[in-house]
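Undergrad: Residue numbers (the working numbering), protein chains in the order written: chain A, 1 to 134; chain B, 1001 to 1181; chain C, 2001 to 2107.
Be a bit skeptical, because a hint or two may be false.
Said to hold, decoys possible - The list that follows gives simulated cross-link-like pairs (lysine-lysine, BS3-like), each with its CA atoms no further than 30 angstroms apart:
1) A:K102 x B:K1003
2) B:K1095 x B:K1082
3) A:K102 x B:K1106
4) A:K102 x B:K1095
As the list claims (entries may be wrong) - Covered by chain A, according to a simulated footprint, are these stretches of chain C (three or more residues, beta-carbon under 8 angstroms):
5) 2012-2019
6) 2026-2032
7) 2063-2074
For the record, the hints were derived by calculation from the structure and aren't laboratory data. A virtual CB, placed ideally from N, CA and C, is assigned to each residue, including glycine.
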Amino acid sequence: MDNVIHYASLFLFAAGSFFVITGALGLLRFPDFYTRMHASGVTDTLGADLILWGMILQADGDWLLIAKLLIIMLFLMFTSPVSTHSIAHAAWVGGLNPLLGKELKHHDIAPDRDETKAPVEMPGGEEQNKGGAA
Amino acid sequence: MVKFLISIAGRFIVLSLALMGIWLLLSGYFDKTTLLVFGIFSALFCAWLTLHMGILDDDSVPLSVMPGIFFYWLWLFIEIGKSNFTVAMKVWSPKMSLSPQMIRVKARQVSDSGKATFANSITLTPGTVSVDLLGEDILIHALTEDLADVGAIEDMGRKVCRVEGTRHEKAQGKAEQGGGT
Amino acid sequence: MIMFVVATIAVIVAIVIALARAILGPSLYDRVLAGNAVGTKTILLLGLMGFLTGRPEFLDIALLYALMNFIATIAILKFFAYRTMSPQMRDMSPRLGNGNHDGGADG
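Isolated chain A, as found in the complex (with noise of 0.2 angstroms):
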């Protein structure tokens, strides 16, 4: 039985930090801001889910460090989608153009920054209004 927790944990170790890699060279490889948001989040889901499963098979049973690290997974899991929703967002409505199709061109799509919505969906701008009014 120790040996198969062993042995799992090692595969889990291996292949967590194997995604971390992957996360991060892509990071660096892909060609324009869009394109790498996808890179991190495979560290953000994968790489660091498979590490904290490893650490949860070696946490040897001791269930307060096994909760612990099921609430760090879970937090992870809700915060991540949010921080890469909101640098997309905002990277988007600042006019940043994504490159598409097969020949990576650039694409003018992005909305303008001048434009009166721009500021008023970023993340808090009911906060700003508030002050506005104030």
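Please arrange chains B and C on chain A, whose structure you already have, making use of the hints.
TA: Just chains B and C, lined up with the frame of chain A:
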């Protein structure tokens, strides 16, 4: 039982118990009386603050999505694993054959938290990131043409709707109960 | 024990690569994204260091870092969108959007 749980008092009790459980798990002390008393006090205080701010509803204590959401998460984990392999292969291939796409998908969820769950699920799956949410449309940036599969993404949206749908029926039941008494 | 060492080295290598992206840029959003990625990897590094040194109390710090990393990303984005932290002060500042915040030229 279910009717009691989705009433205000039921939500208050569930929230307090959950906060006390988190306190116990994170502190790890079960025999220090002072710490336990402080824990109970702060859990009750936070639950009272939630009540006082008027946000003790289905968004802060999402009881009605409870059984369904776990099956959805299980399905989502498998999807995340599958699309991770696709993106990892793109990263390691010597000549990156990317063809990024921008697509629009309808978000038919009723509530804001349902829409947020759907958009976050899209972002959490590597290869697709939700860039903008305009009314009912979600603007998605996808890494390749294969990943920009509108059918598969709408299937995910239907699953979110189903989880939310049980929740919607229960909310109506609550309204009827309130009208009857 | 050897697997913790391997995973720690992998995470450190990944942090170095992500830092390279943060320095190379080219736009502001690439830098913020790289910073966020470094934060995620730091959470893993803190947990691994805790196991490596036999002091699992490090997990509490990792939990706190997860909270801080999220809030820091949102705060940086908000700062670069409004050029100020407090919305009230924005009325005194020049028109929003004058800053060259879509990057490229900064750095």
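Undergrad: Tell me the numbers of any earlier hints that the structure contravenes, in ascending order.
TA: The structure conflicts with hint 1 only, although it agrees with all the remaining ones.
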